[in-house]
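A.B. asks: Take a look at the letters that make up each chain.
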Amino acid sequence: MTLNISRRTALKTAAAAGALSVTGMPAMAAPKHGGTYRIGMSGGNTSDTWDSRTHSDSFMINMGAGCVFETLTEVSSAGELVGELAESWEASPDAKIWTFNLRKGVTFHNGKPFGADDVIESMNMHVEEGAKSAAKPIVSAVSEMKKLSDHQVQFVLKSGSADFPYLVSDYHICMFPAGQIAEAIAGGIGTGPYKVVSFEPGVRALVTKFEDHWDADNRGYFAEVEQIYIADASARVNALMTSQVDAINRVDFKSVKLLNAYINIDIIEVTGNMHNTFPMLVGNAPFDDVNVRRALKYAVNRQEMVDKILLGHGAVGNDHPIGPANQYYAADLEQTEYDPDKAKFYLKEAGLSSLNVDLSVSDGAFAGAVDAGQLYQNSGNGAGININIVQEPADGYWSNVWLKKPWCACYWSGRATEDWMFSTAYESGVPWNDTGWQNERFQKLLLEGRAQLDTGLRSEIYREMQSICRDEGATVVPMYQNYVDAKSNRVEHSGKTGNLWMLDNLRSCKRWWTA
Amino acid sequence: MNNVITIIGKRLGLGLLTMFMVSVIIFLAVNMLPGDFAQALLGQSATPEAVAAIRKDLGLDKPIHIRYFDWLLGAVQWDFGTSFAKANFSSYAGTTADANFGTVADQLAPRFANTLFLAGVTAAIAVPLSLLIGVLAALYRYSIFDRIANVSTLTSISSPEFFVAYILILLLAVLSPVFPSLSNIHDGMDFGQKLEKTMLPALTLTLVVTAHMMRMTRAAIINLLASPYIEMARLKGLSPFRIIVVHALPNALAPIINVIALNLAYLITGVVVVEVVFVYPGVGQLFVDSVKIRDIPVVQACCLVFAAAYISLNLIADVMSILSNPRLRLPK
Numbered sequence: 002m003t004l005n006i007s008r009r010t011a012l013k014t015a016a017a018a019g020a021l022s023v024t025g026m027p028a029m030a031a032p033k034h035g036g037t038y039r040i041g042m043s044g045g046n047t048s049d050t051w052d053s054r055t056h057s058d059s060f061m062i063n064m065g066a067g068c069v070f071e072t073l074t075e076v077s078s079a080g081e082l083v084g085e086l087a088e089s090w091e092a093s094p095d096a097k098i099w100t101f102n103l104r105k106g107v108t109f110h111n112g113k114p115f116g117a118d119d120v121i122e123s124m125n126m127h128v129e130e131g132a133k134s135a136a137k138p139i140v141s142a143v144s145e146m147k148k149l150s151d152h153q154v155q156f157v158l159k160s161g162s163a164d165f166p167y168l169v170s171d172y173h174i175c176m177f178p179a180g181q182i183a184e185a186i187a188g189g190i191g192t193g194p195y196k197v198v199s200f201e202p203g204v205r206a207l208v209t210k211f212e213d214h215w216d217a218d219n220r221g222y223f224a225e226v227e228q229i230y231i232a233d234a235s236a237r238v239n240a241l242m243t244s245q246v247d248a249i250n251r252v253d254f255k256s257v258k259l260l261n262a263y264i265n266i267d268i269i270e271v272t273g274n275m276h277n278t279f280p281m282l283v284g285n286a287p288f289d290d291v292n293v294r295r296a297l298k299y300a301v302n303r304q305e306m307v308d309k310i311l312l313g314h315g316a317v318g319n320d321h322p323i324g325p326a327n328q329y330y331a332a333d334l335e336q337t338e339y340d341p342d343k344a345k346f347y348l349k350e351a352g353l354s355s356l357n358v359d360l361s362v363s364d365g366a367f368a369g370a371v372d373a374g375q376l377y378q379n380s381g382n383g384a385g386i387n388i389n390i391v392q393e394p395a396d397g398y399w400s401n402v403w404l405k406k407p408w409c410a411c412y413w414s415g416r417a418t419e420d421w422m423f424s425t426a427y428e429s430g431v432p433w434n435d436t437g438w439q440n441e442r443f444q445k446l447l448l449e450g451r452a453q454l455d456t457g458l459r460s461e462i463y464r465e466m467q468s469i470c471r472d473e474g475a476t477v478v479p480m481y482q483n484y485v486d487a488k489s490n491r492v493e494h495s496g497k498t499g500n501l502w503m504l505d506n507l508r509s510c511k512r513w514w515t516a
Numbered sequence: 141m142n143n144v145i146t147i148i149g150k151r152l153g154l155g156l157l158t159m160f161m162v163s164v165i166i167f168l169a170v171n172m173l174p175g176d177f178a179q180a181l182l183g184q185s186a187t188p189e190a191v192a193a194i195r196k197d198l199g200l201d202k203p204i205h206i207r208y209f210d211w212l213l214g215a216v217q218w219d220f221g222t223s224f225a226k227a228n229f230s231s232y233a234g235t236t237a238d239a240n241f242g243t244v245a246d247q248l249a250p251r252f253a254n255t256l257f258l259a260g261v262t263a264a265i266a267v268p269l270s271l272l273i274g275v276l277a278a279l280y281r282y283s284i285f286d287r288i289a290n291v292s293t294l295t296s297i298s299s300p301e302f303f304v305a306y307i308l309i310l311l312l313a314v315l316s317p318v319f320p321s322l323s324n325i326h327d328g329m330d331f332g333q334k335l336e337k338t339m340l341p342a343l344t345l346t347l348v349v350t351a352h353m354m355r356m357t358r359a360a361i362i363n364l365l366a367s368p369y370i371e372m373a374r375l376k377g378l379s380p381f382r383i384i385v386v387h388a389l390p391n392a393l394a395p396i397i398n399v400i401a402l403n404l405a406y407l408i409t410g411v412v413v414v415e416v417v418f419v420y421p422g423v424g425q426l427f428v429d430s431v432k433i434r435d436i437p438v439v440q441a442c443c444l445v446f447a448a449a450y451i452s453l454n455l456i457a458d459v460m461s462i463l464s465n466p467r468l469r470l471p472k
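Protein chains in written order, with my numbering: chain W, 2 to 516; chain C, 141 to 472.
Just chain C, with the same shape it has in the complex (with noise of 0.2 Å):
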C-alpha cells in the first residue's frame, strides 16, 4: 500500500509542477497577445492619454514579474482578482456596493458550473455507450455489427462539429422537432428543463467522442484475447461474453480508464465551437469573449481552470489505472 501512496505523491508533485509551469506559459502568451484591454475598450476613441490612464488604473504599468507573483499568488488562494471589465465598471459607478462584487471567480463559477453540467450530461450518455459498443464490437468481431459501429463512429469523429451539430439540428429540431435548438440554459430553469435544452449539445458530443472510447476498448480487449489465461477460459468452456466482461476486460481497464479520462478533459476544455453553435453559456465562450475584449484576468484564469482539469482528470487517470493493475496495487 505505501507504495500505492509514494506512486500517488509522486504523480501529485509532477502534477503541480506542470501547473506551474502552465501557468508561467500562459502569462506569458497572454501578455503577448497584441492590442490590450484598453485600446479594445475604447476601440476608435483610444487616445494615448486614455489608454495610459487605464493601463494604469489596471496596474498594467508595473513590470511584469511583480504581475506575474501578485497573479499567481492570488490565484492559489481562488482569487483570481476583478475583470478588467467590472474594474472599469465600478470606476465609472463610483461605489462597489458588494465588496464580492464582480470578481473573476464570480464570473467564471456559475459558467464553469454549465460547463461541467453539459460533460456530466455527455459523459453519462458517452461513457456508457461507448464501453458497451466496445465490447459487444470485440465480441462480435470482424462481423457485420463490428464494422459498422466502426465505421459509423469514424464517420462521426471525422467530421467537424458544427457539421454533427447542424445535422443533428436538421434531423432533431427541424424536421422532428424533439429537441430544442437552442440551449441557452439559464438559473431559473429546473433540471429537466436545462436536460431537455442540453440535449442536442449533449448528443452532438457524445458523437464526437464516441469512437475514441469504443475503439480502444475494442482494441485493449481483442488484444487480450490472445492471452494464455483466455485461451484457458475458453477452454474451460466459458461463454465468450462472461470471458470478455469477467476475465478480459478488468485486465483492459488501463488503457481504457486514460482514453476516458482524455475525452472527458477534452469534454471540459475543448467544446467551443459547440457552444456557439447551440449558444451555450459555457467556459468556452466566456473565454472566447474575454480574448475578444482582452480581458486579461478572465482570460487567465480560464487557460488555468483549463489546465487544471486536464491535469487532475489525468493524475485521477494515473491513480486509477494503477489501483486497476495488481501487479503496481500489490507489489511483491
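If we strip away everything but chain W, and leave its shape as in the complex, we get (with noise of 0.2 Å):
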C-alpha cells in the first residue's frame, strides 16, 4: 500500500505542526489520570524504612521523595530548580540568609495541615543528637531556623551559600509532620501525591493516590504505583519483557540492545554526574608529584574505556566531577586524551625515566573495576608506566581499600551542584577528600563561588576549578557512566527526563502517566 496524501492534507498537517510549535506545547496528548503504575526496581534492603535520612538508593528513594514525600525544592526534569513544597524564595545579598515562602493549603496524608512548624522540626531531625543523617552537612551549616509565619521560615547560614535552595531539593530532607515524626517513619506519612498501602521491606511496595494532595491535577496522575524490588538484572529485563511491570531501572548495558529491538518498549538513557575515578593519595610518593600525576592522566586510553567497560553507555571524563547533569559544566573545555609521549614527558619532568605503581581495583568499587584496571595498565605500558593491579576483595572495599591505599578505583554518584560535589570530596581536609589534595587557588575560587549569586560569575569561577582538578588533581575521573532505563509503552512522559538520577531523576511515579 502506497501512502496517499492530498494537498490538502498535507497543507492541513503542515498547519497543524504550526500550530503546535507556536505553542509550544510537545505534540502528545495532555497526560491521563489514572491507571497503575508497576515498577521492577534494584536498590532494595531489608533494612528498608520510611525514615528518608537513611535512604540511600533507588528503591526508597523512589518510593519515599519520589511518592509518598515532598521536599522543599526539587530539580525539574529540564535540570531547573523549581518549588516542591516552597513556592518561592529570596536571598539576602551574601547569601547567608534564605526566606522560604511555604505552600498553603498543603495537608499530610494524615489530614494535619502543613507549615513552617513541618519545616523546622523536620530540618532538625537530620542534626539531633545521635542521628545519622547523610543530610548532616547540610542542614548543620545552617545556624538558626526561624518561623516568620505559619507559611514563611527564614534560615540564617553560618556562611553564605548560593546554593542552598539546591541543597534542599535533597531527597533527604523530607517534610515529615511535626510531633508526629515516629508515627510518621513507621507508617510512612508525608505530603506527598500517594500515600502507603503497604510496604514490605526488601520485597514490595505499594501506595495509592492522595485524593487531598494540593496539586492533584498535575501531580501523581497514576491511581495506584506498585514497586517491586528485583535484585538480578536479567530478571528485571525479563519482567519488562513479559509486561509483569511497566519501567524498570539499571538495565544491563549487555541487554540494551536486546530491549531495542522491542518496539513496545523504550530504552530511556541520559547522561548524568555518576563517575568512575581512580584517586590517588598524594601523601605517599610518587603521587606527591603533580607531574607524576599528570603522566598518569595522559596514560589512560578514556575512550576505549568508555567503549569495552561501558560498551559505549558512558562518555569521557576530564578529571573533574563535574557533570553535564551539573549547571556550570565546562563543556568546552580542553580534553585530556591518551598521549604516550606527554605522558613520558611529564615523567621525564618528574624526573623519572619508567614508573611502578599499584592500582588497588574490585568489582565492588564499580562494576567493570578490574577490567578498567586492565586497560589502564595496558595503555600505560605504552608510556613506560608499569601498572600493577592488586585485586582487592569486594566485601569491606570502602573500609579497607578507599581512603586507605595509594592509589585505588572508586565511583561517585555526583553531586547536583559544583560546590557539593568539590566541598564533599575535593575541599582541603574534608573528611571524603579521598587524595587528601589541596590547592590553594581551589581552595580560595570555592569559598568564593559558594557565596556568589551572580550566575555569570559563578559560570567562570566554576570553568577554572575544573581546569585547576584537571591540571593539578589528584584523580583521574576517566569516564562518566550513563543511566540507562527502560520502560513500556503503557507509560509515557513529558518526551524529557531528568539526568541528576535514573528513571526521571526517581520522580516518574510524580511526572508520567499512562498511556
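The set of hints was computed from the structure by calculation and includes no laboratory data.
One or more of the hints may lead you astray.
As the list claims (entries may be wrong) - To give a feel for the contact side, a few chain C residues facing chain W, derived at Cβ under 7 Å:
1) S321
2) L322
3) V413
4) V417
5) V419
6) P421
A quick note: this is a predicted structure, and the numbers were derived from the prediction, not measured.
Ideal Cβ positions, reconstructed from N, Cα and C, are used throughout, including at glycine.
Hints are included, so try docking the two chains, each in its own frame, into the full complex.
C.D. replies: Here is the structure:
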C-alpha cells in the first residue's frame, strides 16, 4: 500500500504542526489520570524504612521523595530548580539569609496541615543527637531557623551559600509532620501525591493516589504505584519484556540491544554526573609529584574504557567531578586525551624514566573496575608506566581500601551542584577528600563561588576550578557512566527526562502517566 | 512397639545433638564473616567512633561466648532477637510503638510461609509425578519410554537451575503467555492467584528434583524384581503392574522415602537461585539480602531454620522407613 497524501491533507498537517510549534507544546496528548504503574526496581533492602535520612538507594528514594514525601524544592526534568513545597525563596545579598515562602493548603496524609513548624522540625531531624543522617552537613550549615509566619521560614546560614535552595532538594530532606515524626516514619506519612497502602521492606511497596494532594491535577497521575524489588538485572529485563512491570531501572548494558528490538519498549538513557574515578593519595610517593599525576592522566585511554567497560553507554571524563547534569559544567574545557608521548614527557619532568605503581581495584568499587584497571595497565605500558593491578575483595572495600590504599578505584554518583560536589570530596581537609589533595587557589575559588549569587561570575569560577582539578588534581576521572533505564509504552512521559538520577531523577511516579 | 519408640527416641536425641553442633558452627561461621553490620550500614561514611557506637548499641562488643549463649537461650524459646536493621531503625524513631515490632521471628515467619508454599506446590507436582514415572519406567524397563524418561529427567537435573528457569520463561511466559514470569506473591492475593504466580518456579523446581526421585524409585523396584518372592508372584500369573505396585513397591519404600525427604529439604533450603530469577519472596532472598548487610541475627536464624528443616525431614524419613519395614517395626 502506498501512502496517499492529497495536497489538502498535507497543508492541514503543516498548519497543525505550525500551530503546535507556536504554542510550544510537545506533540502528544495531555497527561491522563488513572491506571497502575508497576516498577521493577533494584536497590531494595530488608532494612528499608520510611526514614528518609537513611535512604541511599533507588528503591526507597523512589518511594520516599519520589512518591510519599515532598521536599522544599526539586530539580525538574529540564534540570531547573523549581519549588515543590516551597512556592518561592529569596536570599540576602551575601547569600547568608534565605527566606522560603511555603505553599498554602498543603495537608499530610493524616489530615494535618503543613506549615513552618513542620519544616523546622523536619530539618532538625538531621542534626539531632545521635542522628546518622547523610544530609547532616547540609543542615548543620544552618545556624538558626526562624518561623516568620505559618507559611514563611527563614534560614540563617553560618556562611553564605548560593546553592542552599538546591541543597534542600536533597532526597534525604523530606518534610515530616511536626510532633508526629515517629508515627510518620513508622507508617510513611508525608504530603506527597501517593499514600502508603502496604510496604514489605526488601520485597514490595504499594501506594495509592492521595486525593487531597495540593496539586492532584498535575502531580501523581497514576491511581496506584506498585514497586517490586528485583535484585537480578536479567530478571528485571525479563519482567519488563513479559509485561509484568511497566518500567525498570539499571538496565544491564548487554541487554540494551535486545530491548531496542522491542517496539513497545523504550530505553531511557541519560549521561548524568555519575563517574568512575581512580583517586591517588598525595601523601604517598610518587603521587605527591604533580608531574607523575599528569603522566598518569595522559596514560589512560578513556575512549577505550567507555567502549569496552561501559559498552559505549557513557562519556569520557576530564579528571574533574562536574558532569553534564551540573549547571556550570564546562563542556568546552579542553579534553585530556590518551597521549603516551606527553605521559613520557611528564615522567621526565618528574625525573623518572619509568614508573612502577600499584592500583587497587575490585568490582565492589564499580562494576567492571577490574577490567578497567587492566585496560589502564595496558595503555600505561605504552608510556613506560608499569601499573601493577592488585585485586582487592569487594567485601569491606570502602572501609579497607578506599581512603587507605595509595591508588584505587572508586565511583561517585555526583552531586546536584558544583559546590556540593567539590566540598564533599575535593575541599582541603574534608573527610571524604579521597586524595588528600590541597590547592590554595582552588580553595579560595571554592569559598568565593559558594557565596556568589551572580551566575555569570559563578560560571567563570567553576570553570576555573574544573580546569585546576584537571591539571593539578589527584583524581583520574576516566569516564561518566550513563543511567540506562527502560519503560514500556504503556506509560508516557513529557519527552524529556532528568539526568540527575535514574528514571527521571527518580520522580517518574509523580511525573509520568498511563498512555 | 517399644523397640520402635526407643529407636525414634534415639534418633530424636541425635537430631537435637546435631542441632546443637550446627548452632555452634553457624554462630562461629557467621562471626567470621569479614566486615560487620556497622560498617555495611555506614558504607563510605564509617568513622571508627560511629562504628564503635553502633557495635555497642547492638551488643557486638561483648565477648563471643556470652553472645552465643544469649542467642542460644533466646533461640530455643523461638526468640531470635531483633534484627540489626530494625534495632537501628527504632533508635532512629526513638520509640517502639509495638513491643513485638521488628523481631527476627516476625521478619522470618511470612518468608518461611512463602518458602513452604513453594515447596508444597512443587512437592505436590513432583512427588506423584516421579513416583508414577519411576514405576512405569520399572515396568517397561529398557523400553523406549524408559530411555526417554531417563534422558529427559537427567537432562533437566544436569542443567543449571537458572537455565531451566529461563527456558520455561521463554516457553510459558514469552512465546505462549500461560503463566506470569514474576512470582511476587503477597498477602493480598487469594490462593488461586498465589498458585498461578507460583507455577513457573514450582515447575522449574519440579524439573530439578524429579530425576533424583524417579530414578531411585525405578532402581529400588528393579532391584527387588530379582527376588524369589517376585519370581513366585510372577509364577502365580499376576500382572506385571500388580506385581510392582502391590508386591515390589512396599518393600522399596525405605530408600524412596529417604530420597523424597532429601529433595523436600532441598526445596526448603536450596532454592535461592530460583527465588532470585522469579523474584519470589522466600527465605532464600531474605538470607542473601541479610548477608549483604551483615544482619547477623537474621542470617543466624535463617541458617538455624534451614538446619532444622534438614534434620527434621531426615528424622521423619528415618522414622517412616522404620515403620515401613516390618522387620524393624515388629522385632522378634
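A.B. asks: Once the shortest beta carbon distance from S321 of chain C to chain W is found, is it less than 7 Å?
C.D. replies: Check passed: Cβ of S321 of chain C comes within 4 Å of chain W, closer than 7 Å.
A.B. asks: Using Cβ atoms only, decide whether L322 of chain C comes closer than 7 Å to chain W, and label the hint accordingly.
C.D. replies: holds (4 Å)
A.B. asks: Hey, does the P421 of chain C contact hint survive, CB to chain W under 7 Å?
C.D. replies: This hint holds: P421 of chain C lies near chain W, its Cβ roughly 5 Å from the closest one there, short of 7 Å.
A.B. asks: Holds or violated: is there a CB of chain W closer than 7 Å to the CB of V413 of chain C?
C.D. replies: Given a least distance of 9 Å, the restraint on V413 of chain C is violated.
A.B. asks: Less than 7 Å between beta-carbons is the criterion; does V419 of chain C satisfy it with respect to chain W?
C.D. replies: Since chain W brings a Cβ to about 5 Å from V419 of chain C, closer than 7 Å, the hint holds.
A.B. asks: Taking the least C-beta to C-beta distance, is V417 of chain C closer than 7 Å to chain W?
C.D. replies: Check passed: Cβ of V417 of chain C comes within 6 Å of chain W, closer than 7 Å.
Going through the hint list in order, the structure does not satisfy hint 3, though it satisfies all others.
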